[in-house]
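Sequence lines, in order, name chains A and Y.
Counted the way this note's numbering counts, the first sequence spans residues 1 to 267.
Counted the way this note's numbering counts, the second sequence spans residues 1 to 363.
Since the hints were derived computationally from the structure, they do not count as laboratory data.
Hints may be right or wrong, so weigh each one.
Derived lysine-lysine pairs resembling PhoX-like cross-links, with alpha carbons at most 20 Å apart [as the list claims (entries may be wrong)]: (1) A/83 / A/192; (2) Y/24 / A/122; (3) Y/15 / A/138; (4) A/138 / Y/24; (5) Y/15 / A/122; (6) A/83 / A/191.
Predicted model, so just to flag it, every value in this text is computed and none were measured.
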Amino acid sequence: MVMIKLETIDIVFSYDGNSGPPILDDVSIQLAPSRILGIVGPNGSGKSTLLKCIDRIIKPDHGSVLLDRREIMKMGRMEIAKKIGYVQQTISRGFPTSVFDTVLMGRRPHLSWRSDEDDEEKIWEVLRLLDIEDLALKYFGELSGGQQQKVLIARALAQEAEVILLDEPTSNLDIMRQFEVMDIIRDLVNKKLVSAIIAIHDLNLASRYSDKIIMMKRGKIMSAGEPSYVLTADNIASVYGVEAVIRKQSEAPYIIPVGPIKTTMRK
Amino acid sequence: MAKAIRRGGTRTGKKSAIQEEHSKRMGLKIILVLTLPVLIFIITGISATLGSADLSIWDAYSAILHRIFPEYFYTTWLSDICVWHLRLPRIAWAITAGFGLGISGAAMQAILRNPLASPFTLGISSGAAFGVSLAIVLNLGFFGGMWLIIGNAFIFAMLCSGLILGLASIRGATSEIMILCGIAMNYIFGAASSLFKYFASDQELREMSFWGMGDLGAFSWEELRLVVVLIAIGSFVLLRKAWDLNVMTVGDETAKSLGVESNRIRAIVMTASSLLIAGIVAFTGIIGFIGLVGPHMARMVIGADHRFLLPASGLLGGVILLGADTVGRTIIAPIILPVGSVTSMLGVPFFLYLIMKRRREYW
Numbered sequence: 001m002v003m004i005k006l007e008t009i010d011i012v013f014s015y016d017g018n019s020g021p022p023i024l025d026d027v028s029i030q031l032a033p034s035r036i037l038g039i040v041g042p043n044g045s046g047k048s049t050l051l052k053c054i055d056r057i058i059k060p061d062h063g064s065v066l067l068d069r070r071e072i073m074k075m076g077r078m079e080i081a082k083k084i085g086y087v088q089q090t091i092s093r094g095f096p097t098s099v100f101d102t103v104l105m106g107r108r109p110h111l112s113w114r115s116d117e118d119d120e121e122k123i124w125e126v127l128r129l130l131d132i133e134d135l136a137l138k139y140f141g142e143l144s145g146g147q148q149q150k151v152l153i154a155r156a157l158a159q160e161a162e163v164i165l166l167d168e169p170t171s172n173l174d175i176m177r178q179f180e181v182m183d184i185i186r187d188l189v190n191k192k193l194v195s196a197i198i199a200i201h202d203l204n205l206a207s208r209y210s211d212k213i214i215m216m217k218r219g220k221i222m223s224a225g226e227p228s229y230v231l232t233a234d235n236i237a238s239v240y241g242v243e244a245v246i247r248k249q250s251e252a253p254y255i256i257p258v259g260p261i262k263t264t265m266r267k
Numbered sequence: 001m002a003k004a005i006r007r008g009g010t011r012t013g014k015k016s017a018i019q020e021e022h023s024k025r026m027g028l029k030i031i032l033v034l035t036l037p038v039l040i041f042i043i044t045g046i047s048a049t050l051g052s053a054d055l056s057i058w059d060a061y062s063a064i065l066h067r068i069f070p071e072y073f074y075t076t077w078l079s080d081i082c083v084w085h086l087r088l089p090r091i092a093w094a095i096t097a098g099f100g101l102g103i104s105g106a107a108m109q110a111i112l113r114n115p116l117a118s119p120f121t122l123g124i125s126s127g128a129a130f131g132v133s134l135a136i137v138l139n140l141g142f143f144g145g146m147w148l149i150i151g152n153a154f155i156f157a158m159l160c161s162g163l164i165l166g167l168a169s170i171r172g173a174t175s176e177i178m179i180l181c182g183i184a185m186n187y188i189f190g191a192a193s194s195l196f197k198y199f200a201s202d203q204e205l206r207e208m209s210f211w212g213m214g215d216l217g218a219f220s221w222e223e224l225r226l227v228v229v230l231i232a233i234g235s236f237v238l239l240r241k242a243w244d245l246n247v248m249t250v251g252d253e254t255a256k257s258l259g260v261e262s263n264r265i266r267a268i269v270m271t272a273s274s275l276l277i278a279g280i281v282a283f284t285g286i287i288g289f290i291g292l293v294g295p296h297m298a299r300m301v302i303g304a305d306h307r308f309l310l311p312a313s314g315l316l317g318g319v320i321l322l323g324a325d326t327v328g329r330t331i332i333a334p335i336i337l338p339v340g341s342v343t344s345m346l347g348v349p350f351f352l353y354l355i356m357k358r359r360r361e362y363w
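With the rest of the complex left out, here is chain Y (with noise of 0.2 Å):
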């Protein structure tokens, strides 16, 4: 009988070899996640050289480090104001949103432990929407002139969040109870928003449609402040329960025989997410895709440790938000083509392709 359990291995502090490959794959982890600030960087200087100025790559590196290592780096007034003025803040706002809309993506997929979940499947795109519909067609909001619509889109996006976890609360926050909610909250808004669009003007439509296309360019640094503290703080708190969500994924009964209360989580979790893609959606309207397949995509290569799967995620949101943004402002320039739309066109395929590689039963 004893003989079940054997003395494996070696017990001299010496690594075995499996061991070893272990903290291989770890060491690699952690070099995958440093490259994607680099990644970003590089696409950053690729795409502050694109627009109606001409700009070589090293102009824009320097215009760039100029404001944050004067001594170093020189810069012409032309330069300075096309890349920090024009090109920079649309950069910016690209990383922001990617990085929220992938952290909270891979969060709202632990915490509903779904692979189809993302940052809307609680229904906050269709809430933000119900706002600026009332915004557009009734020109009803909490403020006036251009917080009108911003701040209709994330109150409202904030109320429905709220009535899920209300609603939620009465029956026990479990992931299917949550799930259920958001998509009767996704359909009420919805139709609300409809009824909206029936009787609003054709302006009014233009308006509307070109909101849920998502946009990054009609905001400033001002504004991006504003959001960076939201996705500040909410990043945060997902990160602090960043073992929590990993146990999550196993089941609530597992979670709890581990020490997580799962129903308390859910909720912190669920509403850090719901304000970090408040503040974006309020802004950069709706942009699908990226908080569904980053985490999928970051997943992939990074594994289920949330530790390091919500800032990966987050980075790699960033990457392909400023990426699919790049290709939107260059393929037919000088339009602009919207960036939700470009993010789906060019990620989806890629996508695709990763889906079929794979050879496990997952994907």
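With the rest of the complex left out, here is chain A (with noise of 0.2 Å):
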């Protein structure tokens, strides 16, 4: 029996209730322990807002989230927050705050009005883990895009998330930095301390990292599997519309893109 840490039962999502067009329609996924989901497709396909869904951050019209076999729609706001962290793709900017203060939000889930010794021992192993501590007292916005994203990722582990949901982590980052953050990904879920889900636009990144790939299109799931089943060139060509030539590096296909296809059959 494969073990299953967190899935999704054709989820329905439109953002004008059932009369416009679905941004998600009828997507089921499902996420083994230990183990990063990622999910690739165009713009506007629904990863994003896959993401909220199972956050409960917005409700789906139908369809249910389980996560160890429990329905998330009836687990209040805090539970939830106990179990999956969100790494948000755009950062809003609110008051300064300290790197510090800012994992130490993790925390709300687990605490009352005091923040105890305790609370705060786990922020700075946490930031250690990371290898951020010398950032605690800086601000948070004085950081560079790599170390923003680190912090965030600590968030979510002060959070002690079992389930991480990253959006574009990767996005505005250098490709050292896209490296690090990866990694740092992999080694959490390698260590079993999460189970994660990323919605990533590079191809190869998720070929890479990723042990299940989803490809997603308008709202539908087109192909699901190992990477080495999902990033095909036709499959590419047929949700991306752009030519690309695989290679087989190792396990991880590597994908080159060429070129749009030439669309001589549109009207």
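Mind assembling these two chains? They're in different frames, but the hints should get you there.
Structure (structure tokens):
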């Protein structure tokens, strides 16, 4: 029997209730414990919306999300927050907050009014784990993109989340930082600290770091499985409209986009 | 790959240098917050010596402390009357109103995630001003006598925030919707007040504009008690939500993912702080500036943790208002300048200086 940490069953979501075109159309995914599930797809395919539905930041019109076989829609917000961490793509700017205080927010689901020594000690542990202890007293807004991303991952760890949802964690990073952030996620998963679902644009990063990949288009899952099964020239052509060459380097397929497919067939 | 996560620091319970630094800063924050009541106590003493009867600082403090610890401090009949009946009520009003304006300003900025927010962003002042015009011009209100103006100011302030909450709850109480509804309320109540002004007599106009300048000297201990109770309740609610306010400053979606139902918290915090502000404004009139700037000053020094920021903003509000009123009473004594104007005249240059001095991206 396959172990399942988190699954969604037939999730449907549209912004205007039932009248509008669905952003998510019968999406069912499964995440095994201590695995990375990559979600790829063109802009507007519903990747971010799916993550938000899983964390119940938005409520799907139909369908359910099961975490350890428990229905999330019936759990309280605090209870969900103890299990699922969400690393947002766009960081809305609030008032200047130190890195320590930002990570401390992750303890919110576990806290009463006082944060005690244990909570603070946990923050320091997490900061050390991600090797960003020296940033603790800096302002979050003054950090580089890569450092900010690490701080947000640290917050999800401080949350003691079992599943971390990451929305485009590498989108604003240089190639070195992209690897750094993905390596951190990979390590956390390998150490069985968390399972992760990552919405990501870069097909090669997805290929290299995901255990399973889901490819979406217009709210539907077009293909799902091992990277080598999903990331094929045919799939990329039909989902992205891009001609690509696939190289088998090691286990993970390596994708070289060639160019848009000439749509001479179009009227 | 495993190199990505290094085991830094010591795990034997010994604190790292940066950890020591953090503890030190936390200690400093607590000391700073505790300094503010001391500052208030000092200004109170100074303020209590000022007036037509000459009292030394020592006379003033003994008179104050005599009523609290009668065994230890002695005072004369004259000092007692001067301090407890003439000066201290005004001082107590300043501290109380300043505290309420400061703490609710900090809370408003957090829930609206907007540095320009103040207790009056959501139209409370214009609602109250409308109620006051109604009372002054048409003599129309819910209560009679001295409670006519107070009652109107309070009820219309609450009505205004009630409307905003109602409107916002239809569309979901996001910060943007609330601010927009607040601006709309400001305009409509402002327009209604202008209409009253258009038809008002000179005497009535004068009364209305005096109300708009803010006054601390109009009421005594009796009324203060009411306001203190309101502020105590409101502040208690706000402080209990300090953690949620911390989380809400980074955005609703993140807040939700951290377990905070932001729209609900926003409604609760707004209700609590409207109640508190309406209570103050009803008696003192509109005292601007403090609710906007007190929290910013506190934030510069204390940081963004609302467990410290809320009390600090309140206390700093008390310090500023009391300080400004003390200056307003002395500058061209015996004339007492309206406290709202003095606060802005003195506070704005200082605030601008603080902003200019900072080198960070935010301030």
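Verification of the supplied hints:
Proximity of residue 83 of chain A to residue 192 of chain A is assessed by CA-CA distance (about 14 Å); at most 20 Å being required, the pair is judged to hold. Restraint check for residue 24 of chain Y and residue 122 of chain A: satisfied, since their Cα atoms lie roughly 18 Å apart, inside the 20 Å limit. Distance check on the hinted pair: residue 15 of chain Y and residue 138 of chain A sit about 18 Å apart at the alpha-carbon level, within 20 Å; holds. Taken as a hint, the residue 138 of chain A and residue 24 of chain Y pair is honoured in the structure, with Cα atoms around 15 Å apart against an allowance of 20 Å.
Among the hinted pairs, residue 15 of chain Y with residue 122 of chain A is consistent with the structure: their alpha-carbon atoms are about 13 Å apart, no more than 20 Å. About 17 Å separates the Cα atoms of residue 83 of chain A and residue 191 of chain A, which keeps this hinted pair within 20 Å; it holds.
The structure agrees with every numbered hint stated previously.
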